[in-house]
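There are 2 protein chains.
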Amino acid sequence: MTTRTEASLPAQLARMERALQARRTRFVLKDEHVTLSHGSGGKATHNLLEGLLLPAFGNAFLDLQDDAAILAPNGGRGRVAFTTDSYVVSPLFFPGGDIGKLAVHGTVNDLAMAGAEPLYLSVGLILEEGLEMAVLRQVVDSMTAAVAEAGVQIVTGDTKVVPRGKADRMFINTSGVGVVRDWIHLSQRNVVPGDRVLVSGNVGDHGMAVMLAREALELEAEILSDTAPLHMLTAALLAAAPGTRCLKDPTRGGVATSLNEIAQQAGVGVSVDEERIPVRPEVRAACEILGIDPLHIANEGKLLAVVPPEQAGAALAALRAHPLGRDAALIGEIIAEPEGMVVLRTGVGGARVLDMLVGDPLPRIC
Amino acid sequence: MTTRTEASLPAQLARMERALQARRTRFVLKDEHVTLSHGSGGKATHNLLEGLLLPAFGNAFLDLQDDAAILAPNGGRGRVAFTTDSYVVSPLFFPGGDIGKLAVHGTVNDLAMAGAEPLYLSVGLILEEGLEMAVLRQVVDSMTAAVAEAGVQIVTGDTKVVPRGKADRMFINTSGVGVVRDWIHLSQRNVVPGDRVLVSGNVGDHGMAVMLAREALELEAEILSDTAPLHMLTAALLAAAPGTRCLKDPTRGGVATSLNEIAQQAGVGVSVDEERIPVRPEVRAACEILGIDPLHIANEGKLLAVVPPEQAGAALAALRAHPLGRDAALIGEIIAEPEGMVVLRTGVGGARVLDMLVGDPLPRIC
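So the sequences go chain by chain: A and B.
Here the first sequence is numbered in our numbering, starting from 1 and rising by one per residue.
Here the second sequence is numbered in our numbering, starting from 367 and rising by one per residue.
Extracted from the complex, chain A is given alone in its bound form (with noise of 0.2 Å):
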């Protein structure tokens, strides 16, 4: 359905190449301890990826670091996307949501993102001593009513339990499996200048419920976490734009992270408008008193679409035809230079460089 993997695959190539080049150079592991940054999704955890993760286990799949990878496990009949992801969220609830709820939609999102129909879950209890029996079947009910909800299967699991001390109160590890149409093949190398970037809705709203539930601090109005599987969302955006590049979620480090890795990816550069992009007041209020930038925020109903420049409008309608996106925005387009940078367009008529996500503001928020 896309048609630019023949007309500029040496171009492709070379840039990949470039990427490569520049990742080998740029990252080098100094930290002597792990430390929460690591864990933010932001610079250091690129750090340690490229420095260590990827240098060891690197192979053909890893490299591409979308959110799923793409398998063949029976020769190429059938494709078969898989995806972890671990949640360590606290407090367990908050507003709008819980980890269970949330270890089950970020790994349908995760498979969403691959273009993928998600299907099978495997969930993974990392259990500390003396938690409360009834908070474990409210995160469990939780979780039975989220697979209900995305219609996907738990099919495998393990539980483990730790002493009091060693843990804290619960972590899930959530994978997935779920299978990819022929025709689709998304991929943040897909992306090149002139293709257009979408966002599904408001963003910040998960990262800000967490963090005000953790400090119990009180706003006016109360935000609610936006956590939601986006499975039938991406179904009727590729369905409308089947040209779409690539499917991005937005989780830790925010839309400025996941842009940056688009950036870096693809080897081109990314400008977005700054005041096209929804934040709820609420959001920006929030922000504002706690000094973050809501593009670095966490967002666990969000997606970012990048297709190619004559489908945009067709994928906005569709996004905003869906209750999941009925907020969604055009915020900005590919661009061939800064190579691997993004560009933020400011109000006053501006322009700065929006950097990945330094540092961790907001630990533990997924």
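Because the hints were derived from the structure by calculation, they are not lab data.
Just so it is clear, CB atoms sit at the ideal spot from N, CA and C, and this is done for glycine as well.
Treat the hints loosely; a few may be bogus.
Stated by the list, open to error - One side only, chain B facing chain A, incomplete, derived with CB under 7 Å:
no. : residue
1   : Gln431
2   : Gly490
3   : Val521
4   : Phe537
5   : Leu578
6   : Arg580
7   : Glu581
8   : Pro675
9   : Gln677
10  : Ala678
11  : Val709
12  : Thr712
Stated by the list, open to error - Far from chain B by the CB rule (all over 10 Å, computed), these chain A residues:
no. : residue
13  : Asn59
14  : Val80
15  : Glu149
16  : Gly157
Go by the hints and put chain B onto chain A.
Only chain B this time, still in chain A's reference frame:
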């Protein structure tokens, strides 16, 4: 290849129904808090599973309670096995292995027990703030060596960091995907009276090695973990004994717990000869000192196989021909009664019921 499906379907269904009934009446989750026993793999783990997790998540895949789920994500074209396990072993390094090696072998083995060829792993790291990067690097290098040895690839991953004191250095989740050949249909529920029970070697090595490392107990002879990838051994076994009913790796809860699971899932009895079960003298001695039954200790490089009587000789020969099975032994047989129980015939001509592990004498062994 197995013909009993057609021959005894009504009997099989009746047995499954009885087993389900027994489960429903037997397991009521009364605990108000999570205890270490819930993670032991033994009776309390089953209680948690049957009293909470299965009723909530339950479906045709989970209800089988096999080591991996067998899926057909592309409408029957090519079956895929999917499994998950979290590793929380303490200490991270022990004689014969470390958490990284264990995380690869354990999940490879769960796929192998389903008769699958292991192909792809995911890795979910949960790291404690302050973990020495050198330790992480050592574990990652160990995983890299283990995946290369096993011929699998790590294709997707995730890293989370929690604040100091909220985890214990590092936990690892690995999930795995493999393919199952058309002719292989392994499940505990295939087991019928008259079948023979084999073990692939000495039992109790892994759990005892970790226990001694943790308690810094010194014995004259060093006990090494048996951690090893078993998929080549299972491939050899299945080629020699294609009628094999089921395979199980007796990890948490040991051989005793795995045999009880078979008895309960298949609605049969299991009779084993204590004297035929191979245990290293040094492991037996340590067990006597610590007051632990070697049949309750975790193994990470051993399997139990239930095979039809006419293939028992071929199966045993195939196991013994492989380096990881050279101490394999025929240890017992499947009997009709007492249903759901394991009978241990002791050296002096006596017999006793061999129960699942109760409590958790060896927490955080994997």
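Evaluation of the provided hints:
1. Evaluation of the Gln431 of chain B hint against chain A yields a violated restraint, the C-beta minimum of about 10 Å exceeding 7 Å.
2. Taken as an interface hint, Gly490 of chain B checks out: its beta carbon lies about 4 Å from the nearest beta carbon of chain A, inside 7 Å.
3. Below 7 Å, beta-carbon pairs count as interface contacts, and Val521 of chain B has one with chain A at about 4 Å; its hint therefore holds.
4. Interface restraint check for Phe537 of chain B: the shortest CB-CB distance to chain A comes to about 6 Å, inside 7 Å, so the restraint holds.
5. Interface hint at Leu578 of chain B: violated, since its Cβ lies 19 Å from the closest Cβ of chain A, which is beyond the 7 Å cut-off.
6. A hinted interface residue such as Arg580 of chain B counts as satisfied when its beta carbon comes closer than 7 Å to some beta carbon of chain A; here the least separation is about 12 Å, so the hint is violated.
7. This hint is violated: Glu581 of chain B has a C-beta 14 Å from the nearest C-beta of chain A, more than the 7 Å allowed.
8. A hinted interface residue such as Pro675 of chain B counts as satisfied when its beta carbon comes closer than 7 Å to some beta carbon of chain A; here the least separation is about 31 Å, so the hint is violated.
9. For Gln677 of chain B, the shortest C-beta to C-beta distance to chain A is roughly 28 Å, which exceeds 7 Å, and the interface hint is violated.
10. The criterion of a C-beta within 7 Å of any C-beta in chain A is not met by Ala678 of chain B, whose closest approach is roughly 30 Å, and the hint is violated.
11. Among the interface hints, the one on Val709 of chain B is violated; its C-beta lies about 28 Å from the nearest C-beta in chain A, farther than the 7 Å criterion.
12. A hinted interface residue such as Thr712 of chain B counts as satisfied when its beta carbon comes closer than 7 Å to some beta carbon of chain A; here the least separation is about 32 Å, so the hint is violated.
13. Listed as a non-interface residue, Asn59 of chain A fails to keep its Cβ farther than 10 Å from every Cβ of chain B; the least gap is roughly 5 Å.
14. At roughly 6 Å from the closest C-beta of chain B, the C-beta of Val80 of chain A falls inside 10 Å, breaking its exclusion from the interface.
15. Residue placement check: Glu149 of chain A keeps its beta carbon more than 10 Å from all beta carbons of chain B (closest about 14 Å).
16. Not every C-beta of chain B lies more than 10 Å from that of Gly157 of chain A, the closest at about 7 Å, which undercuts listing it as non-interface.
In the structure shown, a violation is registered for the earlier hints numbered 1, 5, 6, 7, 8, 9, 10, 11, 12, 13, 14, 16, in ascending order.
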